[in-house]
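Visitor: Heads up: the sequence lines are chains A and B, in that order. The letter at position 51 of the first sequence is residue 51 when you use the numbering used here, and the numbering goes up by one with no holes. The letter at position 75 of the second sequence is residue 75 when you use the numbering used here, and the numbering goes up by one with no holes.
Just so you know, the hints here were simulated from the structure itself, not pulled from any lab data. Just so you know, not all the hints are guaranteed correct.
[To be verified] Below, a list of computed lysine-lysine pairs in the DSBU-like style, where the Cα atoms sit at most 30 angstroms apart:
#, chain 1, residue 1, chain 2, residue 2
1, B, Lys113, B, Lys204
2, B, Lys113, A, Lys3
3, B, Lys235, A, Lys17
4, B, Lys250, B, Lys235
5, B, Lys113, A, Lys17
6, B, Lys133, A, Lys17
7, B, Lys67, A, Lys3
8, A, Lys2, B, Lys235
9, A, Lys3, B, Lys255
10, B, Lys178, B, Lys105
11, A, Lys3, A, Lys17
12, B, Lys204, B, Lys235
13, B, Lys235, B, Lys255
14, A, Lys2, A, Lys17
15, B, Lys204, B, Lys67
16, B, Lys67, B, Lys105
17, A, Lys2, B, Lys67
18, B, Lys67, B, Lys133
19, A, Lys3, B, Lys133
20, B, Lys178, B, Lys250
21, A, Lys2, B, Lys113
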Amino acid sequence: MKKIETIVAKEWAEVFKNRMVLFTVAFLPLLMAALPLVILHATQSSGAGNPIENNLPQQYNAICPANLSGSDCLQVALVSEFMLLFMIIPVAVPVTISAYSIVGEKATHSLEPLLATPITTGELLAGKCLAALIPAVLATDGAFLIYAAGAAVMIRSGILLSAVLNVRWLIAVFVVGPLMAFLAIMVSIIVSSRVNDPRVAEQLSMVVIVPVLGLFFAQVSGLLLINRQLILLIAILLAALDILIGRLGVGLFQREVILTRWK
Amino acid sequence: MIHTDNLTKRFNSTVAVDRLSIDVRDGEVFGFLGPNGAGKTTTVRMLTSLIGPSSGSAVVNGFTLGKDDTAIRRTVGILTETPGLYDNLSAEYNLRIFANLYEVKDSRGQVEKYLRMLGLWERRFEEVGTFSKGMKQKLAIARALLHEPRLLFLDEPTAALDPESAHLVRDFIAELRKEGRTIFLCTHNLDEADRLCDRIGVFKTHLLVLDTPDRLRSQLFGRRVVFHLGRADDKLLAAARRLPFVQEAKILENKLVVRVENPEAQNPDLVRALVGAGAEIQFVGELRHSLEDVYLELVRQA
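Same shape as in the complex, but just chain A (with noise of 0.2 angstroms):
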């Protein structure tokens, strides 16, 4: 355990050096937190009955209570977009460290000297692997605290309060946010583990936005809709290919190759 916590701490010391890398970690949250924020100021109900209701998508009936007004509704509709846009941050913040992490010793030459001492391949990626996930997960986190406190300071409406903040919200960002996280983490540490320019592993591991992209166009076209079930779907699929991503990436760190093959 203790050979994990140095190999994080190694990472947070070498990385948050870089006050970029510490701009970047902290600028998609704040403005993921702001967005959602802003539209809310910018929608706010004047009263009930407004005729925008007769616009929204069918499918948002499912998400708006029965006692909620049309305008209500619309600002549960508009807020709903930006779950997924939350689910981006899990997946952009820890790219940034991880696509670094192995790609970024090569280069410095620093890896021979790491992975000749006693440590194992499951140590040094969950090290790799940990110190760009707390980071992510609490940036997700804040995040979301902070659209939470800013939607209970301009929402006054208990339901449409509690509609915004609802329990697809929570799983979203506590449960489907780190199981992202992860699934990016490993993806770029794969990556950042066969090639051999740090800027290529980033570009490579962003490609898991994708998908969070294709869920966010597709409920914004009225494909589908990100309700209790998908969500929780999602978070079971994750998991399921955490697992499996987790057991490829240690079969896949092949010190030989990584050693040998570089240039």
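Starting from the structure of chain A, add chain B where the hints point.
Guide: Then chain B, alone, in the frame of chain A:
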């Protein structure tokens, strides 16, 4: 300390190390010499369990390669070809990371001990990126020693260092030798190998020779005695050649160079014969070939 038996490493169709069989004894400095691309680093990587052999076997520190890899890594120290330090972290933190990874009990004490020993204590909180090459190399040596390994692999420890830094590193290696540590030294610096190594192996994909530097010199070039004379002429040359134990004799300016099997036993007769022939001998000494001559000759023959 190290025993290898036909240790071989192939990368696809390329044979990097071919049936290497050596024994490195406890407490010796073993020089591993060879040209670039000869397979020296690959050998070190195999012996430190960083990569696996394609065939053959090795026992390092009593542990079997491929079976006890973690134990091997725990008990050996390695100075890699490039220092591979974390440039934006301090010297002290760089060492602390590795002390933790090697599970050093008194990590703080060990870090301090080696920082002081290598003259880096005053600069311990400075980022390694600001260090000179020599300081980085010293820090990398400190890192290799934190867990007090009895067996140390040093891959080109003085490469790219200025003469002063190289001298400091060499002195430190000599100190380690005095402590009784076994050192496997890969180097291009033949003078360094000559001064530090008890035995050397010349390697070019496969082992060409393995012996002490002096024996290699003697095997390749024989032993030559040089007589500085007031005047060297054919009469003295003939007098030398008449002696049955003289293998070769030649005149170089006012010096007579004579190749003999055993100078300690045969020199008195040689001196008597030359004096008898009227030689004015000013100095007598052994003409010592450099290890570079030995190395170049061996690589040329290979």
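Visitor: All hints, please: hold or fail.
Guide: Verification of the hints:
In summary, the hint linking lysine 113/B to lysine 204/B is not supported, as the alpha carbons are separated by about 38 angstroms, beyond the 30 angstroms threshold. This hinted pair checks out: lysine 113/B and lysine 3/A have alpha carbons roughly 22 angstroms apart, not beyond 30 angstroms. At roughly 79 angstroms between alpha-carbon atoms, lysine 235/B and lysine 17/A are farther apart than 30 angstroms, so this suggested pair is violated. Note on lysine 250/B and lysine 235/B: the hinted pairing holds, with a Cα-Cα distance of about 12 angstroms set against a maximum of 30 angstroms.
For the hint pairing lysine 113/B with lysine 17/A, the CA-to-CA distance comes to about 27 angstroms; that is within 30 angstroms, so the pair holds. Among the hinted pairs, lysine 133/B with lysine 17/A is consistent with the structure: their alpha-carbon atoms are about 23 angstroms apart, no more than 30 angstroms. Our distance criterion of 30 angstroms between C-alpha atoms is met by lysine 67/B and lysine 3/A, whose separation comes to about 22 angstroms. Taking the CA atoms of lysine 2/A and lysine 235/B, the gap is about 80 angstroms. The hint is violated against a cut of 30 angstroms.
Restraint check: the Cα-Cα separation between lysine 3/A and lysine 255/B comes to about 66 angstroms, which exceeds 30 angstroms; the hinted pair is violated. Using a Cα cut-off of 30 angstroms, the hinted pair lysine 178/B and lysine 105/B holds, with the two alpha carbons roughly 24 angstroms apart. In summary, the hint linking lysine 3/A to lysine 17/A is supported, as the alpha carbons are separated by about 21 angstroms, within the 30 angstroms threshold. Under the criterion of a C-alpha separation no larger than 30 angstroms, the hint pairing lysine 204/B with lysine 235/B is inconsistent with the structure, at around 45 angstroms.
Distance restraint check for lysine 235/B and lysine 255/B: the Cα-Cα separation of roughly 13 angstroms lies within the 30 angstroms cut-off, and the hinted pair is therefore satisfied. Note on lysine 2/A and lysine 17/A: the hinted pairing holds, with a Cα-Cα distance of about 22 angstroms set against a maximum of 30 angstroms. With a C-alpha separation of about 27 angstroms, the suggested pairing of lysine 204/B with lysine 67/B holds against the 30 angstroms cut-off. Annotation: proposed proximity of lysine 67/B to lysine 105/B holds, straight-line Cα distance about 26 angstroms (limit 30 angstroms).
At most 30 angstroms may separate the alpha-carbon atoms for a hinted pair to count; lysine 2/A and lysine 67/B meet this at roughly 24 angstroms. Proximity of lysine 67/B to lysine 133/B is assessed by CA-CA distance (about 36 angstroms); at most 30 angstroms being required, the pair is judged violated. Between lysine 3/A and lysine 133/B, the direct Cα distance comes to roughly 28 angstroms. Compliance with the 30 angstroms bound is thereby established for this hinted pair. Taken as a hint, the lysine 178/B and lysine 250/B pair is broken in the structure, with Cα atoms around 41 angstroms apart against an allowance of 30 angstroms.
Between lysine 2/A and lysine 113/B, the direct Cα distance comes to roughly 22 angstroms. Compliance with the 30 angstroms bound is thereby established for this hinted pair.
Against the hints set out earlier in the document, violations occur for numbers 1, 3, 8, 9, 12, 18, 20.
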